[in-house]
Amino acid sequence: MEAVIETNELTKSYNGTKVVDRLNLCVKEGEIFGFLGPNGAGKTTTILMVLGLTEPTSGEVKVYGYDATRQPLKVKRIAGYLPENVGFYEDLTARENLTYITRLNGVKDKQAFAKIDEVLTEVGLLEVANLEVRKFSKGMKQRLGMGAVLVKEPKIAILDEPTTGIDPKGTDQILKLIVKMSREQKITVLLSSHLLYQVQRICDRVGIITKGRMIAQGSVDEIGNKIMEKEQTLLEIQVSKLTPTLLGSIKEIEGVKDVESSGNRFLVKCSQDLREKISRAIVESGALPLQIKTQNYTLEEIYIRYFREG
Amino acid sequence: MSGVRVVFWKELADYFGSRRSLILFIIICITGSSITYISAQTMGQNFAKIPVDFIFLKLFTSSAGALPSFIFFISFFGPLIGIILGFDAINSEHARGTMSLVLSQPIFRDSLINGKFLAGLSTVAIMLISIILVISGLGLSMLGIVPNLAEISRMGVFFIASVIYIGFWLSLGILFSILFRRTASSALASITVWIFFTFFIYMVAGVIADQLVPITHTTTLETITKNEHLKNMIMRISPATLFEEIAGAVLNPSVRFFGVVSSTQIKGLIPNPLPLGQSLMVIWPQFVGLIALMLICFAISYTVFMRQEIRAI
Ligand SMILES: Nc1ncnc2c1ncn2[C@@H]1O[C@H](COP(=O)(O)OP(=O)(O)OP(=O)(O)O)[C@@H](O)[C@H]1O
Ligand SMILES: [Mg+2]
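Here the protein sequences line up with chains A and B, keeping their order.
The opening residue of the first sequence carries number 124 in my numbering; numbering runs sequentially from there.
The opening residue of the second sequence carries number 40 in my numbering; numbering runs sequentially from there.
If we strip away everything but chain A, and leave its shape as in the complex, we get (with noise of 0.2 Å):
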C-alpha cells in the first residue's frame, strides 16, 4: 500500500529544544495508525507540522506527495483536523458551525446542506442541531469536531486525542465512528493518543513516540515481538547458600546475560526463561532453590515503562 504521509526526519524545537526529534513517520493508504505516547511527546506537534500549521526546524512532510510547509493550502484541503480540545463559535448552533466549516472550504451552501445533515446523522447530533454549541456537552462537542472533519469529505483524517475526557460510552461511539469512516468511506486516519488500550483494538498500526523520538512503528503485534526481543526475562532467586562457584557456574547458562547477587538472594537476566536449567545448576552446587519469581515483561508492562520514561 502506498505511504500517504510520510515524514523525513521531522525535527522542531522551540528554544532550542528538540521537542520532535528526527521523526520518520509513515502512514499508508486505508489504515488507522495509532500515534502513540505520553503527554509531552510531541504528538501534536507531529500533527501541526503535517498540517503545514506549524513549520518543521528541519526534515520535510509528505502528504499525498504535497509539501506540507509549503502547500499547505493542498493539504488542508484533503485533510479534515481534530484539535485536541476542540472548540467551536459557542453562540452558534451545531449546524452553523458545521456551515462556515463548508463555507471555509468554499462549498456552496445548497450543495453543503444535504451533507450537513447527512453528518449530523452519523455523529449522531441531528435532533440538537438548531442548538447553540454553549449547550452542549464536551462528548457532543468532540462528535461535532469528528463532524467537522467529515463535512470536508477528506481523503485523511487527522484526530488528536479524539478520546480524551470523554465517558467509557462516547469513547466507544467515537471509535466506532473512526473505524466506520475507515470501513466505509476508505479514509485514512492518522490517530493521536496516550491512552493506549483504548485506541489499540481499532488500530491497524501504531507508532510509538517518547521525547520526540519514534522509538517504534508497526503493527501492535509486530512491535511487541520487536521489544520482547530486545528485552529479558529477569528471576530473582532465593537460595540456602551462595558460593562464588555457583555464581561462576549460572554465568556459563547458555542465554544469561548478568547476574547480580545481593545476601542469597540474586537476579538473574536472560533473554528466555531458563528457570530450570538454573535450578538444576543450583542443586548441582550443593544448594537448594528457596524461591524463584519470574518478571516477564508483558506487552502492557513495556508500554506502561515506554511511558513512564517518557
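Here's a subset of chain B near chain A, in silico, CB distances under 7 Å, partners left out:
(1) S41
(2) T137
(3) S139
(4) S143
(5) I146
Honestly, the hints are just simulated from the structure, not real lab data.
Don't be surprised by glycine CBs; every beta carbon is placed ideally from N, CA and C.
The hints should help you fit chain B with the ligands onto chain A, whose structure is shown.
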C-alpha cells in the same frame, strides 16, 4: 480570496448579532442624538445670530451648554468603539479552541485577520452612517434646513476620517488581542493606551515643551509661540489630536490654521469659508498621518499574527 470573504461575513454577522455591539450601538445613538437635539434647540433659538452659511455642519461642531460637540464625542468615545470591537479578536479564538479548527481549513492564514479587520471597519462605518443619518434627520425636522452639496461632501470627508480614526483603535485592539493571551489583559492594555492619548498626552506635551523651550515672565512672544508650536507638534502623535484637527477643518469651512496664530498672519485675511479642496489642503498632513497610524498598527498586527505559533501557551 474567498477565505477573506467567508470570514468577513461571519464576523460581521457576529458583530451585529452580539449583545456587546447592540449595547454600544444604543449608547452611541442615544448620546449622539441627545447632543444634537440640544444643540439644535439652542441653534434654533439663536438662529439669527449664526451666519447662515453651513448651518447644517454646525449641528456637528457646536457644543451646547454642558454637552460636548459631536466631534468631541467621536474623538473621545470613538476609541472605545474600536477597542470594544477589536480587543478580543484573536485571543478569544485561542481561548475558545477555534483557532486550529479554522486555520486547518484551506484558507490562507492572513484571511482570518484581514476578514476580522474589514468586518470591524465595516461595523464602524455602518454605526457611523446610521448615527450621522439620525443626526441629520433630527436637524432636518428641528431646524427645517436641508444640507447643500458642499455640506454633504464635507460630511462625507468627516465620515471617512472618523472611520479611519476608529479604525486605528480597532487595529490597536486587534494588535493587543494578538500580543496578549488573555482577553482581560488585552482590554486593559488598549484602555491604557486610550487613557494616555486622551488625557496624559496634554501633560506630557506640556512638560516636554516647557523643558525644551522654557517660559518665564520675561519671555518674548516669539518664544511663547515656539513653545506652543512644539506642544502642538507633540500632541499630534495622538490620533485624537489629528482627528480633532481634521474634523475641525472639514466641518468648519473657515478654519485655516492650527495652534497659535499671530495677528500678522491674520491681518488682511477675509474670514470667508474655504472651498472643500482648500480645507483638505489645510489638513492633508493630518489625514495622511491618521491613515499611516492605522496602517502601521494593522501591519504590525499582521506580521506578528503571521509569525505566531498556532498553539496558545
Ligand atoms: N509554542 C511552544 N513553545 C514552546 N514549547 C512548546 C510549545 N508548544 C509545545 N511545546 C512543548 O512541546 C512539547 C511537546 O508538546 P506536544 O503538545 O506536541 O505534546 P503531546 O504529545 O501532544 O502531548 P499531550 O498528550 O499532552 O497532548 C511539550 O513539552 C510542550 O511543552
Ligand atoms: Mg497533544
